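As a plain string of letters, each chain reads:
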Amino acid sequence: MFVEKWMTPNPLTVQPEVTVSYLAVQMDRYKFRHFPVVEPTLTGKRLVGIVAKYDIARGFPADLNPFSIEVTEDTLSRPISAIMTKRVITTTRGCPIEEAARIIRSHRIGALPVLRDNRLIGIITETDIFEAFISMTAAKKGGVRILVESNVEENPVPMVLELSRAHQVDILSMMHFHENRLKGKDMSIFRFGKKVPAAFLQELARQGFRIVSVGE
Amino acid sequence: MFVEKWMTPDPVTLSPDISISAAAVEMGRRKFRHIPVAEATAKGKKLLGIVTKYDIARAFPNNLNPFSVAVTDDTVPQRLSTIMTRNVVTVAPDCAIEQVAKILRTRKFNALPVVRHDCLVGIITESDIFIALIEMTGAGAGGAKIVIEADASINPILLAVQLSHRHQVRIQSLLSFHDHQLKGKELLTLHFATRPPADFVQELRGFGFRILNIV
Numbered sequence: 001m002f003v004e005k006w007m008t009p010n011p012l013t014v015q016p017e018v019t020v021s022y023l024a025v026q027m028d029r030y031k032f033r034h035f036p037v038v039e040p041t042l043t044g045k046r047l048v049g050i051v052a053k054y055d056i057a058r059g060f061p062a063d064l065n066p067f068s069i070e071v072t073e074d075t076l077s078r079p080i081s082a083i084m085t086k087r088v089i090t091t092t093r094g095c096p097i098e099e100a101a102r103i104i105r106s107h108r109i110g111a112l113p114v115l116r117d118n119r120l121i122g123i124i125t126e127t128d129i130f131e132a133f134i135s136m137t138a139a140k141k142g143g144v145r146i147l148v149e150s151n152v153e154e155n156p157v158p159m160v161l162e163l164s165r166a167h168q169v170d171i172l173s174m175m176h177f178h179e180n181r182l183k184g185k186d187m188s189i190f191r192f193g194k195k196v197p198a199a200f201l202q203e204l205a206r207q208g209f210r211i212v213s214v215g216e
Numbered sequence: 001m002f003v004e005k006w007m008t009p010d011p012v013t014l015s016p017d018i019s020i021s022a023a024a025v026e027m028g029r030r031k032f033r034h035i036p037v038a039e040a041t042a043k044g045k046k047l048l049g050i051v052t053k054y055d056i057a058r059a060f061p062n063n064l065n066p067f068s069v070a071v072t073d074d075t076v077p078q079r080l081s082t083i084m085t086r087n088v089v090t091v092a093p094d095c096a097i098e099q100v101a102k103i104l105r106t107r108k109f110n111a112l113p114v115v116r117h118d119c120l121v122g123i124i125t126e127s128d129i130f131i132a133l134i135e136m137t138g139a140g141a142g143g144a145k146i147v148i149e150a151d152a153s154i155n156p157i158l159l160a161v162q163l164s165h166r167h168q169v170r171i172q173s174l175l176s177f178h179d180h181q182l183k184g185k186e187l188l189t190l191h192f193a194t195r196p197p198a199d200f201v202q203e204l205r206g207f208g209f210r211i212l213n214i215v
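Protein sequence lines correspond, in order, to chains A and B.
Heads up, the first sequence is in the working numbering, so the first residue is 1 and it goes up one at a time.
Heads up, the second sequence is in the working numbering, so the first residue is 1 and it goes up one at a time.
Excised from the complex, chain A in its bound form:
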């Protein structure tokens, strides 16, 4: 649930003196879209900037297309300190993953360096958050997904827990949340390890919960 579990620890970094084309080559080699720029200190790496793939493209002159030429390390001598973003938005390892998602989204950025005592310890990217989301919803584990709508006062979770025990179906994941766009309604998504017997669903419906869908 926290950034620490999903981040890449000790990410690859570059120093501010390296050239734009050197970094372009590195990005291409490692298929990373963001590189933290750091200065080494006795206590670790001090973050001084971040460079995204598009910053690199914008750092090329008007008469050079970095996407269609063979870029080598000395195509350009311009240092990345000239193009990096200096005021970096960062996070900490104890930040909840959904909060990191919110920060990334609201600033329209792709990655957040993770700092501890002012030193770089990791990076968390959009891709990591995707992985977290997929894992949270157990989407890779298969099974059956049931979507339930309920009134705000009636949380279906206890009933579903009880039924799943009675019918011996494992719950792989569950999410219950308030649905802003449906006034006064909550939604719950349950993922079960195997097909849920009809009696289970009937009982749930009898208790007044609306089963919106049953699927994969």
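Hints in this document: simulated from the structure, not taken from any laboratory.
Be aware that one or more of the hints could be misleading.
Stated by the list, open to error - Straight-line C-alpha distance at most 25 angstroms; calculated DSS-like pairs for lysine-lysine: (1) A:LYS141 x B:LYS102; (2) B:LYS31 x A:LYS53; (3) B:LYS45 x B:LYS31; (4) B:LYS31 x A:LYS31; (5) B:LYS108 x A:LYS5; (6) A:LYS141 x B:LYS5; (7) B:LYS185 x A:LYS141; (8) B:LYS102 x A:LYS5; (9) A:LYS141 x B:LYS108; (10) A:LYS5 x B:LYS185; (11) B:LYS185 x A:LYS194.
As the list claims (entries may be wrong) - Here are the simulated distance ranges between beta carbons: (12) B:GLN162 x A:GLY94: 40 to 50 angstroms; (13) A:THR85 x B:GLY184: 37 to 47 angstroms; (14) B:GLY44 x A:GLY94: 42 to 52 angstroms; (15) B:VAL12 x A:ASN10: 33 to 43 angstroms; (16) A:ASN151 x B:SER15: 15 to 25 angstroms; (17) B:ASP10 x A:SER106: 24 to 34 angstroms; (18) B:ASP73 x A:GLY208: 52 to 62 angstroms.
The structure presented is a predicted model; accordingly, all values stated were derived computationally and were not measured.
Positions of the beta carbon are idealized from the N, C-alpha and C atoms, including for glycine.
Put chain B on the given structure of chain A with help from the hints.
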């Protein structure tokens, strides 16, 4: 929780006959990273392909940086159809949102056109999935959030829900999380509209719950 709810309906599309630079201009103007290529039919828009910002950038000549020159419609005159991806992976509007997340991740795509009865009805992107995740987890919704770790065997979710009923604190969202790395432990995020009273938190502790975080 389905694609239909989170997608951009009736997305902007490009005709396969426009020039590559005209597509670049359009993408830059709208700040899109992908645009479906489609043609109008009597039934609706028929999807022909998709282009990304990178496809377009790579189609520019060596001596023209697509990010820094003043690009006009005839800078790169070849037709868009020559560079678009043709066999596009699509999803149906009733596909589960987390399923789309899985497809985007495993196939390394950033967007999927949404197709119903052979017609383009929407596009769903990484950003849309982020918004879904944020809404589903109640991030940014204010209120208070408690993250708990407990033995899965004591059924922590049931205990927490029953306790909140008893204290009449309404759970706005609830997320359970268990995986093999947690070894019989379950992580639970409870999100409340307001900060729950101290005795509620005390009782949670009384169940043997370890409270990792209260925000």
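Hint-by-hint comparison with the structure:
no.	hint	in the structure
1	A:LYS141 x B:LYS102	holds, 11 angstroms
2	B:LYS31 x A:LYS53	holds, 16 angstroms
3	B:LYS45 x B:LYS31	holds, 22 angstroms
4	B:LYS31 x A:LYS31	holds, 23 angstroms
5	B:LYS108 x A:LYS5	holds, 22 angstroms
6	A:LYS141 x B:LYS5	holds, 24 angstroms
7	B:LYS185 x A:LYS141	holds, 19 angstroms
8	B:LYS102 x A:LYS5	holds, 19 angstroms
9	A:LYS141 x B:LYS108	holds, 19 angstroms
10	A:LYS5 x B:LYS185	holds, 15 angstroms
11	B:LYS185 x A:LYS194	holds, 22 angstroms
12	B:GLN162 x A:GLY94: 40 to 50 angstroms	violated, 29 angstroms
13	A:THR85 x B:GLY184: 37 to 47 angstroms	holds, 43 angstroms
14	B:GLY44 x A:GLY94: 42 to 52 angstroms	holds, 49 angstroms
15	B:VAL12 x A:ASN10: 33 to 43 angstroms	holds, 41 angstroms
16	A:ASN151 x B:SER15: 15 to 25 angstroms	violated, 48 angstroms
17	B:ASP10 x A:SER106: 24 to 34 angstroms	holds, 26 angstroms
18	B:ASP73 x A:GLY208: 52 to 62 angstroms	holds, 59 angstroms
Hints 12 and 16, counting from the list given before, are not met by this structure.
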